[in-house]
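Student: As a plain string of letters, each chain reads:
2 protein chains.
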Amino acid sequence: MADGSDLAASRIRLVLSALQTRMGAQVSTVGSVREEHSHGEALDASRLPEAVVFAESTDDVSAVLKLCHEHRVPVVAFGAGTSVEGHVTPPEHAISLDLSRMTEIVQFNPEDLDCRVQAGLTRQGLNAQIRDCGLFFPVDPGGEATLGGMCATRASGTAAVRYGTIKENVLGLTVVLATGEVIRTGGRVRKSSTGYDLTALFIGSEGTLGVITEVQLRLYGLPESVAAAVCQFETVDAAVRTAVEAIQYGIPVARVELADEMQMEACIRYSHLDELRALPTLFFEFAGGPGAVREQVEATEEIARENGGLGFAWADTPEERSRLWKARHDAYWATRALEPGALVISTDCIVPISKLAELILGARDDIAASGMRAAMVGHVGDGNFHTLILAEDNAEGRRRILDLDRKIVGRALAMGGSCSGEHGVGLGKQEFLETEHGAGALRVMRALKMAMDPRGILNPGKLLPEGEVYRG
Amino acid sequence: MADGSDLAASRIRLVLSALQTRMGAQVSTVGSVREEHSHGEALDASRLPEAVVFAESTDDVSAVLKLCHEHRVPVVAFGAGTSVEGHVTPPEHAISLDLSRMTEIVQFNPEDLDCRVQAGLTRQGLNAQIRDCGLFFPVDPGGEATLGGMCATRASGTAAVRYGTIKENVLGLTVVLATGEVIRTGGRVRKSSTGYDLTALFIGSEGTLGVITEVQLRLYGLPESVAAAVCQFETVDAAVRTAVEAIQYGIPVARVELADEMQMEACIRYSHLDELRALPTLFFEFAGGPGAVREQVEATEEIARENGGLGFAWADTPEERSRLWKARHDAYWATRALEPGALVISTDCIVPISKLAELILGARDDIAASGMRAAMVGHVGDGNFHTLILAEDNAEGRRRILDLDRKIVGRALAMGGSCSGEHGVGLGKQEFLETEHGAGALRVMRALKMAMDPRGILNPGKLLPEGEVYRG
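Quick note, the sequences are listed as chains A and B, same order.
Residue numbering for the first sequence is 1 to 472, as defined by the UniProt record's numbering.
Residue numbering for the second sequence is 1 to 472, as defined by the UniProt record's numbering.
Hint data in this document are derived by calculation from the structure and do not stem from the laboratory.
A hint or two may mislead.
[To be verified] Here are some of the chain A residues that sit facing chain B, going by a computed Cβ distance under 7 Å:
| no. | residue |
| --- | --- |
| 1 | Asp112 |
| 2 | Thr153 |
| 3 | Ser156 |
| 4 | Ser193 |
| 5 | Thr194 |
| 6 | Gly289 |
| 7 | Gly291 |
| 8 | Glu295 |
| 9 | Val297 |
| 10 | His437 |
| 11 | Gly440 |
[To be verified] Just so you have them, the derived chain B footprint on chain A, three or more residues with Cβ under 8 Å:
| no. | region |
| --- | --- |
| 12 | 45-56 |
| 13 | 164-177 |
| 14 | 344-353 |
| 15 | 414-421 |
[To be verified] Computed footprint of chain A on chain B, listed as stretches where at least three residues anywhere in the stretch have a Cβ under 8 Å from a Cβ of chain A:
| no. | region |
| --- | --- |
| 16 | 196-204 |
| 17 | 326-338 |
| 18 | 407-420 |
Computed from a predicted model, the values in this text were never measured in an experiment.
All C-beta atoms, glycine included, are put in the ideal place defined by N, C-alpha and C.
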C-alpha cells in the first residue's frame with residue numbers, strides 16, 4: 001500500500017513536470033488554489049489535488065488526459081465548484097482540471113435557435129451575451145454553474161417544468177476521452193436516429209467517462225409576455241396540491257416553486273420580502289403570448305382558490321420579477337444566514353407528482369422527530385424538492401443530517417422516486433443507487449465505465465459504488 | 001466457412017428444440033410466418049429467419065436470449081415490421097423474436113401523466129384505451145408501429161416539433177440483456193440525475209444492445225382546443241420559409257408538415273382531397289387553450305401571407321381534421337399508388353432549419369437530374385424531410401434510387417445534418433455514419449456494443465459498420 005502510494009506520487013511528479021514544461025503558468029501548485037479546488041459548495045474537502053491545471057482549449061484538456069492516461073494519474077474535471085455532492089473532491093494524487101477559463105461562444109446560430117459554447121461558460125454568462133438577440137438558454141439550476149458542469153451532473157432547476165432539464169436542451173458535445181482522444185457527439189439537428197446516443201451517455205456521467213469541453217445548446221426566443229406572482233397558503237399540503245393540480249391540468253407554467261414556512265422566514269429576512277408572511281408559498285411564472293398567459297393565469301388562480309390560496313400577489317415590473325426570483329434562488333444562502341456558523345446540507349429527492357404531498361408531509365414528520373431545523377424548497381411541478389437541514393458544524397452534526405436525509409430518501413425510493421432530481425450522485429448518493437436502479441443496472445453501468453475508462457483515471461470513486469461488472 | 005455455417009446450423013437446431021419444448025406453439029417454423037418476419041416495409045428480404053418465437057412476457061424474452069446466448073445464436077427483435085431501413089432483416093441462422101403479442105398496459109397513472117406498457121403495444125392501441133381519460137401519447141411516426149420498436153429506432157414523426165421525439169417521452173424501460181438478464185432503466189420520475197442514462201442508451205440502439213420489453217411513457221392531456229388547416233403556395237421555397245419562420249418566431253405549432261406538388265398530386269388522388277390543388281402545401285395543427293390557439297393561428301397566418309401563401313383552409317370538425325391528417329400519413333401509400341408495381345424508397349434526412357430551403361431546392365435539382373420521379377414530404381418544423389423516389393422494381397432501379405439518396409444525404413451532411421431524422425440506421429444508412437459522427441465516435445459506439453454484447457448475438461450487422469473499437 002505504501003509502495004502503491006509511492007508509485008502514485010512519483011507518477012504524478014512525472015506528469016506535473018511534463019505539464020509545467022508544456023503549459024507553464026496554466027499549472028498551479030499554490031496552496032490556496034489547490035484548496036479552492038478541493039471541494040464544491042458542500043465544503044466536503046478531504047484532501048487537496050496535487051495541482052490545478054487551467055485548461056484554455058480542448059487541446060489543453062486532451063494533452064492533460066493523454067499524459068495522465070499514460071501515467072495512470074487520476075483527473076477530476078472542475079467547473080465553477082458549485083457541486084453539493086462531492087463530485088469535485090479529489091482522490092489521492094490527483095490533478096484538478098479546471099475548465100472555467102474556457103468561456104467562449106464558439107458558434108451562435110440565432111436563425112436555428114442554437115449555439116455552441118465552451119464548457120466553462122456559465123448560463124448567466126451566455127444569457128448576458130445573447131439577450132439582445134431576443135434569445136435565452138432556459139435551464140436554470142440557481143447557482144452560477146458552468147454549462148459543462150451542468151451537463152456533467154444532469155442539472156435542471158426552476159425552469160425544467162416548462163423547458164426540460166439540461167439533457168433535453170443539449171444537441172451535442174465535444175468530449176475528451178480517457179486516452180486524450182477528442183470526439184464529437186450529436187450535432188446541430190433537432191433530432192437524429194443514427195447511432196447510440198453518446199450525448200446522453202456523457203450527460204450525467206460526472207466526469208467519469210470523459211471530460212466535456214464544448215456543448216451545443218438549444219436556445220429559445222424570449223417570451224413575448226411574462227407574468228410572475230406568489231401565492232401563500234395556510235398549509236404546505238394546500239400549496240403542494242395547487243402546484244400538482246396545475247400540472248395535472250396541463251397548464252404550461254414556466255416555473256412553479258414551493259417554499260415552506262421556515263424557508264419563507266429565511267427568505268423574508270435575507271431578501272427583504274417584507275410584503276410576505278412566513279407561510280407556505282408558491283412562486284409562479286407564466287410565459288407566452290399575452291392571450292396564452294392570461295389563460296394560464298386564470299386557470300391557475302382558480303385552482304389555487306379552490307385549495308384555499310390566500311390570493312396572488314403579482315410582480316408587475318421586470319425589476320420586481322427579478323427581485324422575487326433572486327429571493328427564491330438565494331434560498332440556500334438565506335437558510336445559511338438563519339444560523340451563521342451552522343452546518344447546512346441540502347438534500348434532493350424526487351417522486352411522481354401524485355406522491356409529492358405525502359412525501360413532503362412524511363419528511364416534515366421526520367424533521368420534527370430529528371429535533372433539527374430544516375427549510376423546504378422545491379421544484380414542485382416536477383415532484384422534486386430540497387430540504388435544507390441545519391445542525392452543529394461538526395462530525396456529529398453531519399451524521400445527524402445524513403441520517404435524516406436517509407429517512408427522507410428512503411420514503412422517496414419507496415414511492416418509486418429517485419434519490420436525486422438534479423444534484424447528482426458524486427460521493428453523497430452512492431449508497432442509494434442499488435435500491436433505486438437495481439444491482440443489474442449498476443452492473444451494466446460498471447461495464448460502460450470499464451469500456452470507456454479501464455484504467456480508472458476519470459474522477460475515480462464518484463457516481464458508481466464498487467461492485468460486479470456486467471459480462472455479456 | 002462451411003464448417004462455421006454447419007456449426008451455426010447445428011447450434012440453432014439445439015436452441016430450437018429447447019424452445020419448442022419450453023414454449024410449444026409460440027415457436028413457429030412455418031414458411032409464411034418466417035417470410036413475414038424476413039423484412040420490414042422496405043421489403044428488403046435477403047433470407048428467412050430459421051424460426052419465429054412469439055414472446056408473451058419478459059420472462060419469455062429472457063428465456064430465448066439465455067438459450068441463444070449460451071449457443072451463440074443471433075436474435076432479431078421484431079415488432080410491427082414497419083422498419084424501412086432493414087432493421088429486422090435476419091442474418092444467417094437467426095431467430096426472429098416477435099413481441100407483437102405483448103400489448104398490455106402494465107400500469108396506468110393518470111394523476112402522474114404516465115403509464116407503463118409492454119413493448120408490442122402500438123401507439124394507436126394505447127391511445128384508443130386512454131382517450132376517455134382525456135390523455136394521449138403524442139409521438140406519431142405515422143405507421144402502426146409498436147412502442148418498443150419506436151424506442152428501438154428512436155422514432156419521432158409529425159408531433160415531434162411540439163412534444164419531442166420518443167426519447168424525450170420515455171421515462172424508463174425494461175430491457176433483457178444479451179445474457180437473458182432483465183434490468184430496469186430509469187423510472188417514473190420526470191427527471192433524475194443518478195447514474196448513466198441507460199434509458200437513452202437503449203433508445204435508438206436498434207436491438208443491438210438488448211431487447212426492450214416494457215416502456216414507461218409520458219402522457220399528455222388532450223388539448224382543450226385544436227385547429228388544423230392547410231395552406232398552399234406557388235413554390236416549395238415559400239412554403240419552407242413559412243414553416244421555418246414560424247419556428248424561429250417561437251410559435252408552438254403542434255404540427256407543421258410539407259408536401260410538394262408531386263406529393264400533393266398523389267395525396268389528392270389517393271385520399272380524395274379534391275378541394276386542394278397539386279401545389280406545395282403546408283399542413284398545420286395548433287393546440288392549447290382557445291386564446292393560445294388564436295394567437296398562434298394569427299401569427300402563423302401573418303407569416304404565410306408575407307411569404308405569398310394562398311390562404312388557410314380550415315378543417316373545422318374532428319372528422320375533417322382526421323381526414324386531413326390521415327391523408328398526410330398516407331403519403332407513402334399515395335405515392336406507391338401513383339405507379340403500381342414501381343419500387344418506392346423513402347429517404348430521410350435532417351438539417352438545421354435555416355438550411356432546409358437550400359437542401360430541399362438542391363435535392364429537387366438532384367431529382368430532376370436523375371430522371372426519376374420523387375415526391376417530398378417532411379416534418380419541416382424540425383428540418384426533417386423524406387423523398388419518396390420511384391423507379392422500376394429491379395436491382396437497377398434500386399441502385400438508381402440509392403445513388404440519388406446518396407446525393408441528397410451528402411448535401412445534408414455537408415450542411416451539418418444527419419442521414420436519418422427518424423428512420424434509423426439498420427442496414428441502409430451505415431455507409432454514412434463515419435462521415436456524420438466521425439471515426440472516434442464510432443469506435444466508442446463499438447466499445448459500448450462490445451461491453452453489452454461481446455458474443456454479437458443481438459441483431460448482428462445492424463447500425464454499426466465494422467471497424468476499430470475504442471480502447472481506454
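Student: Each hint: holds or not?
Tutor: Here is how each hint holds up against the structure:
With 7 Å as the threshold, the beta carbon of Asp112(A) comes within range of chain B, its nearest partner Cβ sitting at about 4 Å, so the hint holds. A cut of 7 Å between beta carbons decides the hint on Thr153(A): the least distance to chain B is about 6 Å, and the hint holds. For Ser156(A), the interface hint holds, since its Cβ comes within 7 Å of a Cβ in chain B; the closest pair sits about 5 Å apart. This hint holds: Ser193(A) has a C-beta 4 Å from the nearest C-beta of chain B, less than the 7 Å allowed.
Interface hint status for Thr194(A): upheld, as the beta-carbon distance to the closest one in chain B is roughly 5 Å, under 7 Å. Taking 7 Å as the C-beta cut-off, the interface hint given for Gly289(A) holds, the closest approach to chain B being about 4 Å. Checking Gly291(A) against chain B: minimum C-beta separation of about 3 Å stays under 7 Å; hint holds. Checking Glu295(A) against chain B: minimum C-beta separation of about 4 Å stays under 7 Å; hint holds.
Against a cut-off of 7 Å between C-beta atoms, the interface hint on Val297(A) is violated, since the closest Cβ of chain B lies about 11 Å away. Proximity of His437(A) to chain B holds as hinted, the smallest CB-CB distance being about 6 Å (cut-off 7 Å). Annotation: Gly440(A) was flagged as interfacial toward chain B, and the flag holds, the nearest CB pair being 4 Å apart, inside 7 Å. For the region 45-56 of chain A, the stated coverage by chain B is violated: 0 residues have a C-beta nearer than 8 Å to a C-beta of that chain, whereas at least 3 were required.
Coverage of a stretch by a chain is defined here by at least three residues with a beta carbon nearer than 8 Å to that chain's beta carbons; for the region 164-177 of chain A and chain B the count is 5, and the condition holds. With a cut-off of 8 Å between beta carbons, the region 344-353 of chain A has 4 residues touching chain B; three or more are needed, and the interface restraint holds. Chain B is given as covering the region 414-421 of chain A, and this holds because 6 residues of the stretch bring a CB closer than 8 Å to a CB of that chain, at least three being needed. Judged by the Cβ-Cβ criterion of 8 Å, the region 196-204 of chain B is covered by chain A as claimed, because 7 of its residues qualify and three suffice.
Under a criterion of three residues with beta carbons nearer than 8 Å to beta carbons of chain A, the stated coverage of the region 326-338 of chain B fails, only 0 such residues being counted. Only residues whose beta carbon comes within less than 8 Å of a beta carbon in chain A count, and the region 407-420 of chain B has 5; three or more means the coverage holds.
Consistency with the previously given hints fails for numbers 9, 12, 17, ordered from lowest to highest.
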